[in-house]
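Number of protein chains: 2
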Amino acid sequence: CVYTVNVQAQHPNLVITSEDVRAMREAVTQSGGFAEAFQELVSQVEGLMSQPIQVPTPQDGGGGYSHERHKKNYQLMYNAAVLYQLTENTAYAKFVADMLLQYAAMYPDLPLHPKRKMNFQNPGKLYWQSLNEAMWLVYTIQAYDMIAASLEPADKASIIQKLLRPMALFLSEGQPSTFDKVHNHGTWATAAVGMTGYVLGEAEWVEKALYGLDKSGKSGFLKQLDELFSPQGYYNEGPYYQRFALLPFITFAQAINNNQPHRDIFKHRDEVLLKAIDTTIQLSYNGLFFPINDAIKSKGIETIELVHGVTLAYSLTGDTGYLDIAQKQGQIVLTGAGLKVAQALEANSATHYQFKSVAFGDGADGKQGALVVMRNADANHPGANNGSAVLFKPAAQGLGHGHFDKLTWQFYHKGAEIVSDYGAARFLNVEAKYGGRYLPENTSYAKQTVAHNTLVVDETSHFNGELAKANRHHPTLELFATNHSGSVVSAQIDSAYAGVNLERTMALLEITGQANPLVLDIFNVSSDSPRQLDLPVHYLGQLISSNFKRHANTTQLSPLGNANGYQHLWLKAQGKPYKGLAKVTLLNDNGSFYTLSTLTKGDEQFLFTQIGANDPDFNLRNEQAVIRRVEGAKQHTFVSVFEPHGDYNPSKEYTLNASSQLSAIEYETRGDLLLVQLVLNGTSYLIAIDKLKRAEGVETAFKFKNQSYSLSGPLAVYLMTNDLE
Amino acid sequence: CVYTVNVQAQHPNLVITSEDVRAMREAVTQSGGFAEAFQELVSQVEGLMSQPIQVPTPQDGGGGYSHERHKKNYQLMYNAAVLYQLTENTAYAKFVADMLLQYAAMYPDLPLHPKRKMNFQNPGKLYWQSLNEAMWLVYTIQAYDMIAASLEPADKASIIQKLLRPMALFLSEGQPSTFDKVHNHGTWATAAVGMTGYVLGEAEWVEKALYGLDKSGKSGFLKQLDELFSPQGYYNEGPYYQRFALLPFITFAQAINNNQPHRDIFKHRDEVLLKAIDTTIQLSYNGLFFPINDAIKSKGIETIELVHGVTLAYSLTGDTGYLDIAQKQGQIVLTGAGLKVAQALEANSATHYQFKSVAFGDGADGKQGALVVMRNADANHPGANNGSAVLFKPAAQGLGHGHFDKLTWQFYHKGAEIVSDYGAARFLNVEAKYGGRYLPENTSYAKQTVAHNTLVVDETSHFNGELAKANRHHPTLELFATNHSGSVVSAQIDSAYAGVNLERTMALLEITGQANPLVLDIFNVSSDSPRQLDLPVHYLGQLISSNFKRHANTTQLSPLGNANGYQHLWLKAQGKPYKGLAKVTLLNDNGSFYTLSTLTKGDEQFLFTQIGANDPDFNLRNEQAVIRRVEGAKQHTFVSVFEPHGDYNPSKEYTLNASSQLSAIEYETRGDLLLVQLVLNGTSYLIAIDKLKRAEGVETAFKFKNQSYSLSGPLAVYLMTNDLE
Ligand SMILES: [Zn+2]
Ligand SMILES: [Zn+2]
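Just so you know, the sequences run in chain order R and Y.
Numbering follows the numbering used here, with no gaps: position 217 of the first sequence is 217.
With positions in the second sequence counted from 1, the corresponding number in the numbering used here is that position plus 725.
There may be inaccurate statements among the hints.
Said to hold, decoys possible - So these bits of chain Y aren't anywhere near chain R, every CB distance computed over 10 Å:
# : residue
1 : Thr812
2 : Asn847
3 : Glu1203
4 : Ala1358
5 : Val1364
To be verified - When the alpha-carbon atoms are kept at most 27 Å apart in a straight line, the in silico DSSO-like pairs for lysine-lysine are as follows:
#  : chain 1 : residue 1 : chain 2 : residue 2
6  : R       : Lys181    : R       : Lys117
7  : R       : Lys181    : Y       : Lys1022
8  : Y       : Lys1377   : R       : Lys414
9  : R       : Lys652    : Y       : Lys1139
10 : R       : Lys71     : R       : Lys94
11 : R       : Lys328    : Y       : Lys797
12 : R       : Lys328    : Y       : Lys1053
13 : R       : Lys652    : Y       : Lys1377
14 : R       : Lys71     : Y       : Lys1139
15 : Y       : Lys1377   : R       : Lys297
16 : Y       : Lys1053   : R       : Lys414
What the hints assert, rightly or not - Here's a subset of chain Y near chain R, in silico, CB distances under 8 Å, partners left out:
#  : residue
17 : Gly1025
18 : Thr1076
19 : Ser1270
20 : Gln1281
21 : Leu1282
22 : Pro1341
23 : Thr1380
No lab work stands behind these hints, which were simulated from the structure alone.
Where a beta carbon is used, it is the ideal one built from N, C-alpha and C, also for glycine.
Full structure from sequences and hints, please.
Here is the structure:
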């Protein structure tokens, strides 16, 4: 062991340090956001402290009384301890001490929790699973650290010997499989034990927390930092789970930094923790996380975990763009870092946070596919609500919360989700909806491929819906580039279906003179045998029109299929457009129109569906999709453009550009070169995409319709001046 | 004729006076909202003036080129003339003069418009109908009035003789049936002719505008003021049409007041015009108008007509509550009154506008039923988004835009519409949707009774859907009262169905200790023969649960019926709860739960429907309803409570009170006394409603469950202390 733990440091010294406390005591006497947050906490805590302390015998599972009570207790101890530091009012310290002593009286004799899952290696004593126990200790050790100086020696000894030490040992030596797991649950355990090590001066515990029980570095917190995020800071269950996973990392890392600054923990792996915080922000639109995998749609940057993350990111970097996010979060945390944020906000130091186009590599090496965000240049204009954004998902499965949605995409515009992902089928904590847990329809619909905007072969989901198989494979990111013409991405996967290769190229194109960027989508499928190919676009909005005849089922509805999610889709109408450009126009509540223009040879059927069949409990939202279907095909390329246009303003009584401006698409490939001609409002544009990933600046010459072009880099948009020759 | 017109007045002197102009010229040199609005208008008008003047030969109908061009021209002339007054830059005056001269060159030889409706009495010359021509003159005479002083005498004579005089004569003597019509179209005509009379010194024209062509007072502007609004200022097509109808009234009234202040036009009929403006505001929730009749749902207080209305109301009354509305409108008009609003807003003089519980009498005498708004006391707390509101509609039909919805209701809470009205089936100005006109489904669904939250007998609409019959009848308002316990209303109608009496009593109850007011609904139907009775509740939200078994149609959907709107409802599920309290719980996107609790004897079937059947063009929104149905009944009383509760916050991961607090309803009548016992969270409350309309303070003694009560006034809520005896 190279380092020693400095037990002579002034306490508290975990997330909040004694130096922080001096500044914080000063700040709560002034006016401002920090003092307001303090006052709010005072009245909340005073209210709770007026009730008798309750430390019930552990008996209930998640959601039950003893479970919830022990959760509330650690939050209350933490908050009261913060108030003790800020006010020096011993009533707060005494309250924490009294509760700790009650826990100390109970803990040594506790058996494993009666509601533990049998045959699992993760039982707790206070809770049915040790994850909650580790969380309890992460908060409680901080509370203890803040009030320890006020304790009578006998009480202190009792709390240490009967509660903190046994629990830390139970969570480490007592549960090696959890403690040494390179998994988010392991992070809570290492954070709890390591922080307790710092406070109790147990250098050995800190070493084990950082490097694993055997101190080899094959597990432990640093290994978790190395493996659970990709080099760009992406966590492979998606942003909804990423913001949750962040909390033990940023908590323990701050404790490490305050106790052992020479470890330079925030510099570890090229500042991966900071990248993880920033990535979580980047993976949001108009304040909400992109709802991939089992995400609850209303979660976003306001979640408390990300409030802590942004607070830390600002205090470490001084990057004033984080203040913009902090302002939108509207919540100040009562820590030293929180004080810096509050003061900077009051000094009006916030600058506009920059959302970017990025391919976030997936997996520990960043090479297991990627999650790709493409945004237009306008995305960062104040008031743009993040402009236009495409989320494209050639990512790995994302473990048990992953959906079978390889190469799916979503589109966001004018503050709203337009091309949508269902997210999770769940009403969080609503007892009447399956106890608030994931609904059966999460598996039967939301996870299935047809619930996504990607290709379904023969009405079966990717990897046949088998998780183990899905976890073993991932798409390959072939190309990602962004320049002044927009952004382009290409990816492929040949393992989602045996004998079938899926390859998708998408671009968010910024065309001079066009009010909105266009999304170009080229989905190429090749198979070793004839298949049925379905490519859905799920949308939020009202169907306005199609330029081809639809046959509607007006007096009777039936489900589109009988398994793999199809059983939940009512077939409302269908149509088979002739050769040419098939158009479907929608209107979203945001007042914009959207037209999906598909270049078809007359072989694509368009199915118009609504979610809701086989849903006896009304668990699903009744959203719409249009599905393009080709039957008996060994090869097919779906070529389409998704075009935002116009403005529907019934309040001001005007409607502008309700019709698509796109009148023609031509498409051809020349080896690695994709060429697409678009006619917009009578003007022709040529889009060239070079999939060979030539670097910017390397010129490729080619001819198109008798004109010579020189392509420099992977993407260009040309104004065609002479295409009538 | 008692009065003479003062032609010596300084010009301009219609809506904007020369005195206004002095203050406005000063204001545009300062900073502030008025100067900003001015600068915006400058850049808009400069842009338009840089293009050549176009005065095309009239040939197109509404929406066509010549129609739209002539509309834009009058707006541009008006705006340029305002800028001439504000800047004294003669380029603006010259532009207006040039355009007026082009009109003067064309107008005398114009035949009736080629696109006029044959066999109608309302053709125009510039436009297919004279309504638009009257609008043109209302704006243009103001523009002329503002630039007249700058004209060469010859030009002036030409404009007067060839354009203004002939048009005013065409719109009065030339079209007696429109000019003398007591109808909104007539108001535009009288305003145009009267204002032209003031400017040209034609006292006779003013007299005719005010009292009709024969000057008898049986028609004309004053008669329109007397008949088109009820004494409380309600316009019987509803608020969506009221804000539109307001504009010619407030425009002409200001011109009258400036030219003939002795007429005291704003005092006319107990200040009915001010009442009409205020009523339009009162008939909104969270900024949007209650969408009764053929209303477009996104219209609200921000509409330009109401901006003018609120501006006038503030300048006349100095009531700073109007500034609150003006602030929300966010638009400053460039008039003297607009300047007063801008200055008062900058002085932070705005106070909270008070929304009230009111029964707005319908019809010219205010006795043809009423439109009733009940709001809770919280409705006016800042940030409450208007709190809770019930709209109840025992109103007259409202002419051709009326829906067959006698005694329907709606409920609003936490900023959102919960118990909903479909509004109009129309995509305003969206060509692809039936040319932007009312869709066929407006008649086949939106107007029908089943599309509303009121009683349908034998699957037919009120008055059998016949407008002429509907216009002849109206409900009777039996009771309306509001006190500290809430508000109560009762109304009945026996003409909607032959042989059937419908009587509904509703209350918005404020119960001490309850977070939200409850809606009590007692709908009593009695018929001379057995009938099928359907009572729908259309809601916006997701069904969470019912406390009775539902049989869902999971693999096939069929329409509920085949006519009168029923053909558009898919039957998704049905259930027949046992005797007792039948509950259906919903969750709205606003995060609140709502439970409809119905006291049933086991004879009510609950049908769960979704709009969308027989809608081949996807014209309808796919909203949900629950319909209570009783078959073969001669008498039935539907007794229910609609209860907002709880809070669903997946972002902060908590869900509170997802279950209804109401565990029992008992109901009895004793003559005119309705007694309802509610058990909420274990506590019993007695609601007493005395339909005899005893005045507040008159005591009625009664006993209930061995306790004595004394009712003072029409509504009381008692805490029951001893109901176990
Ligand atoms: Zn998904
Ligand atoms: Zn209606």
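Against the structure, the hints come out as follows:
no., hint, in the structure
1, Thr812, "holds (27 Å)"
2, Asn847, "holds (22 Å)"
3, Glu1203, "holds (36 Å)"
4, Ala1358, "holds (28 Å)"
5, Val1364, "holds (24 Å)"
6, Lys181(R) to Lys117(R), "holds (18 Å)"
7, Lys181(R) to Lys1022(Y), "violated (55 Å)"
8, Lys1377(Y) to Lys414(R), "holds (25 Å)"
9, Lys652(R) to Lys1139(Y), "holds (25 Å)"
10, Lys71(R) to Lys94(R), "holds (20 Å)"
11, Lys328(R) to Lys797(Y), "violated (41 Å)"
12, Lys328(R) to Lys1053(Y), "holds (22 Å)"
13, Lys652(R) to Lys1377(Y), "violated (36 Å)"
14, Lys71(R) to Lys1139(Y), "violated (30 Å)"
15, Lys1377(Y) to Lys297(R), "holds (12 Å)"
16, Lys1053(Y) to Lys414(R), "holds (22 Å)"
17, Gly1025, "holds (7 Å)"
18, Thr1076, "violated (26 Å)"
19, Ser1270, "holds (4 Å)"
20, Gln1281, "holds (6 Å)"
21, Leu1282, "holds (4 Å)"
22, Pro1341, "holds (4 Å)"
23, Thr1380, "holds (4 Å)"
Hint compliance for this structure: hints 7, 11, 13, 14, 18 are broken, all remaining hints hold.
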